[in-house]
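Peer 1: Following the hints, complete the assembly by docking chain S with the ligands onto the known chain D.
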Amino acid sequence: MSRIHLQGLTRRFGGVTAVDDIWLDVADGEFLVLLGPSGCGKSTLLRMIAGLLAPTDGRVLLDEADITHLPARERDLAIVFQSYALYPHLSVARNIGFPLRARRWSRDEIQAKVAEVAAVLDLSELVARKPKELSGGQRQRVALARALVRDPGAFLMDEPLSNLDAKLRSSTRAEISGLHRRLGATVVYVTHDQVEAMTMATRIVLLDKGRLEQVGTPEEVYDRPESTFVAGFLGSPPMNLLTAEVVPDGDALRVRAADLDLPLGITADTPPRPVALGVRPEHLRLTTPDAAGIRGVVRTVENLGSEEVAHCVVGDERLCLRGARPLGLHAGDPVHLTAAPENLHLFDPGSGRRLAWQPVPSFSHHPPPLPHPAPSPI
Amino acid sequence: MTAAAVVSPVDDEAVGESGRARSIAGHVVLTLLSVACVFPIYWLYATSLRAPEDVYSLSVLPWPLSLENYADAFAKTDMVGMLVNTTVMAVLTALGQLLVALLAAYAFAAWRFRFQKLLYLMFVGTWLVPFQVTMLPNYVLLSRLDLLDTLAGVIIPTLCSAMGVLLLRQHLMGFPKELLDAARMDGRSSWGILWTVVVPTLRPVLAALGILLAITAWNEYFWPALVLRRGNDVVQLGLRSFMGTEGNDWGPLMATAGLTCLPVFLLYLVLQRHIVNAFVRSGLK
Ligand SMILES: Nc1ncnc2c1ncn2[C@@H]1O[C@H](COP(=O)(O)OP(=O)(O)OP(=O)(O)O)[C@@H](O)[C@H]1O
Ligand SMILES: [Mg+2]
Numbered sequence: 001m002s003r004i005h006l007q008g009l010t011r012r013f014g015g016v017t018a019v020d021d022i023w024l025d026v027a028d029g030e031f032l033v034l035l036g037p038s039g040c041g042k043s044t045l046l047r048m049i050a051g052l053l054a055p056t057d058g059r060v061l062l063d064e065a066d067i068t069h070l071p072a073r074e075r076d077l078a079i080v081f082q083s084y085a086l087y088p089h090l091s092v093a094r095n096i097g098f099p100l101r102a103r104r105w106s107r108d109e110i111q112a113k114v115a116e117v118a119a120v121l122d123l124s125e126l127v128a129r130k131p132k133e134l135s136g137g138q139r140q141r142v143a144l145a146r147a148l149v150r151d152p153g154a155f156l157m158d159e160p161l162s163n164l165d166a167k168l169r170s171s172t173r174a175e176i177s178g179l180h181r182r183l184g185a186t187v188v189y190v191t192h193d194q195v196e197a198m199t200m201a202t203r204i205v206l207l208d209k210g211r212l213e214q215v216g217t218p219e220e221v222y223d224r225p226e227s228t229f230v231a232g233f234l235g236s237p238p239m240n241l242l243t244a245e246v247v248p249d250g251d252a253l254r255v256r257a258a259d260l261d262l263p264l265g266i267t268a269d270t271p272p273r274p275v276a277l278g279v280r281p282e283h284l285r286l287t288t289p290d291a292a293g294i295r296g297v298v299r300t301v302e303n304l305g306s307e308e309v310a311h312c313v314v315g316d317e318r319l320c321l322r323g324a325r326p327l328g329l330h331a332g333d334p335v336h337l338t339a340a341p342e343n344l345h346l347f348d349p350g351s352g353r354r355l356a357w358q359p360v361p362s363f364s365h366h367p368p369p370l371p372h373p374a375p376s377p378i
Numbered sequence: 001m002t003a004a005a006v007v008s009p010v011d012d013e014a015v016g017e018s019g020r021a022r023s024i025a026g027h028v029v030l031t032l033l034s035v036a037c038v039f040p041i042y043w044l045y046a047t048s049l050r051a052p053e054d055v056y057s058l059s060v061l062p063w064p065l066s067l068e069n070y071a072d073a074f075a076k077t078d079m080v081g082m083l084v085n086t087t088v089m090a091v092l093t094a095l096g097q098l099l100v101a102l103l104a105a106y107a108f109a110a111w112r113f114r115f116q117k118l119l120y121l122m123f124v125g126t127w128l129v130p131f132q133v134t135m136l137p138n139y140v141l142l143s144r145l146d147l148l149d150t151l152a153g154v155i156i157p158t159l160c161s162a163m164g165v166l167l168l169r170q171h172l173m174g175f176p177k178e179l180l181d182a183a184r185m186d187g188r189s190s191w192g193i194l195w196t197v198v199v200p201t202l203r204p205v206l207a208a209l210g211i212l213l214a215i216t217a218w219n220e221y222f223w224p225a226l227v228l229r230r231g232n233d234v235v236q237l238g239l240r241s242f243m244g245t246e247g248n249d250w251g252p253l254m255a256t257a258g259l260t261c262l263p264v265f266l267l268y269l270v271l272q273r274h275i276v277n278a279f280v281r282s283g284l285k
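Chains D and S, in that order, give the protein sequences. Going by the UniProt record's numbering, 271 is the number at position 271 of the first sequence; the sequence numbering is gapless. Going by the UniProt record's numbering, 258 is the number at position 258 of the second sequence; the sequence numbering is gapless.
What the hints contain is simulated information worked out from the structure, not anything from laboratory work. Note that the structure is a prediction, hence the values are computed from the model and not measured. One or more hints might be untrue.
[Unchecked claim] Below, computed lysine-lysine pairings styled on DSS-like, alpha-carbon distance capped at 30 Å:
hint : chain 1 : residue 1 : chain 2 : residue 2
1    : D       : Lys-167   : D       : Lys-130
2    : S       : Lys-117   : D       : Lys-113
3    : D       : Lys-113   : D       : Lys-130
4    : S       : Lys-117   : S       : Lys-177
5    : S       : Lys-177   : D       : Lys-209
6    : D       : Lys-132   : D       : Lys-113
7    : S       : Lys-177   : D       : Lys-132
8    : D       : Lys-130   : S       : Lys-177
9    : S       : Lys-117   : D       : Lys-167
10   : D       : Lys-167   : D       : Lys-132
Extracted from the complex, chain D is given alone in its bound form (with noise of 0.2 Å):
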């Protein structure tokens, strides 16, 4: 198995930067999700690395050895499409038999690969049939197969669930997890959908018009969004972001507008200075209208089964709220809520980055600076 490393990797197509400086290092075994919204340049990072597609800069290593200049099929990878892109003409056993062929195996060699690999993914009683006569699913795992039989350093994986429905594509997703503890393959794996890189990642990446945007866990890319552009990608509904202001308020900090106010439980004196204020839905609460926290009325309350998501607006923002059903609330409702301190994100409203809280030594003469951007945690 593999270790893959970006360098500055760019693709320009005239005039549009699909793909933007990326600086990447996977490791062996790592199961790393590319994720961002369409046309953000996932599919080109991914080609780019199979060796599909040439960058315009930057360079592509394997294993630390320099494989931007090297043909797709002498770099030792395996790609899983969306469209599955099985050869119609041929049947499954030939599909899955096809890199082993081309790199002209012995027919006993192959016949007992491909026998092996397709037991491996139940695919043995349909071994004869044509891709047209298999379900999505099927095809789904004659084009997973094809690609494990040539025991390759890393996988690829463009979208390979996205032609499923909803169950199935929930059982596949644990075949693919599975089959990656139990490989300890190297995976990089590109999706839009959140819930299968929440699920399946070791680590993700999130892109946003090539650039990439924050690299970590699943936890760390839901729980510290480094940008507004994460806080809002991720979750369902995604956080909450409304306008506000960091003011001062004796020693303590709070964050307000004008029907918003919330202590941010860091002592501390500095001139105000707008901010993002994020906040996930399933960290508001309901709290007495006398006490500080958010006023909105609520606009429509949508029924998730276990949950419900209030929809509400604030001023003239929107804001939503989820938690366990009943929530008790119905349209045109007053609402008033309030969040834990360390449930509050802020973010920097021009740059749209994290802001963190970082003290000033005591020594300084300054007077302390306003939260600004840094990696270290508040």
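Peer 2: Structure of chain S with the ligands alone, referenced to chain D:
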């Protein structure tokens, strides 16, 4: 297709009386067109089956039937030899054109290279150059190469079919790109991909195009006439033997013509679905 749409009851109900009138008018037009297409062919076979003295008869049914015209045609020309020659010529031409078109179309569709657009336009542009323009230079070249009066001389100058390139490129443009990518990842070279993935997948299209090209080659008259000069090596030229300055020998002429058309009709009957398919898929209709 058209007829089915015209008589569909849903149509009738939806548009009422005026719809029915239109449907009848449609049938009348289609019937007239069919008769106009089929009648000359019918007349050809009818005439060929009349007794030699009835050749100018205008009766719709050829009666009494006679095969004398066919016997005459076989006696006066080397009919079997001509049919064999023509088959060889048509098959070799079609296969050659298919190969050239496949390679060219693959290059144009699956590769990016300099001057690609320009080259493609030039390729297709040869379609627009009238045959009469290239005829003389080709003839001179063949005579220099000593290929006049040979089947090779008929076949070689026609090997590049612009229509074939155009149609195959169109198909290859619609070929799933991920399939080519998958084959690359699976370890095939570009050449390997062509033969192990593209050709097997496009087999129906290639078959249909091959048939089309073979029929076109089979029906060619002018170019073989030019290259083979006075020789009657292909069946289309055999027809000449029954045309004279003192008038045509209609009976055997029709018999030969009938035999000439026969392989094409048979081919069409057997492979009708493929041929129609090819036209539908090519978007030419
Ligand atoms: N061959 C190409 N020519 C021009 N532009 C391209 C080409 N391929 C991709 N792009 C552009 O690059 C950007 C990224 O495309 P890409 O296919 O990588 O997105 P993606 O993240 O995979 O999206 P999706 O989730 O929809 O598959 C898009 O803006 C797209 O229009
Ligand atoms: Mg994509």
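Peer 1: Are any of the numbered hints broken by this structure? If so, which, sorted upward?
Peer 2: 2 and 9
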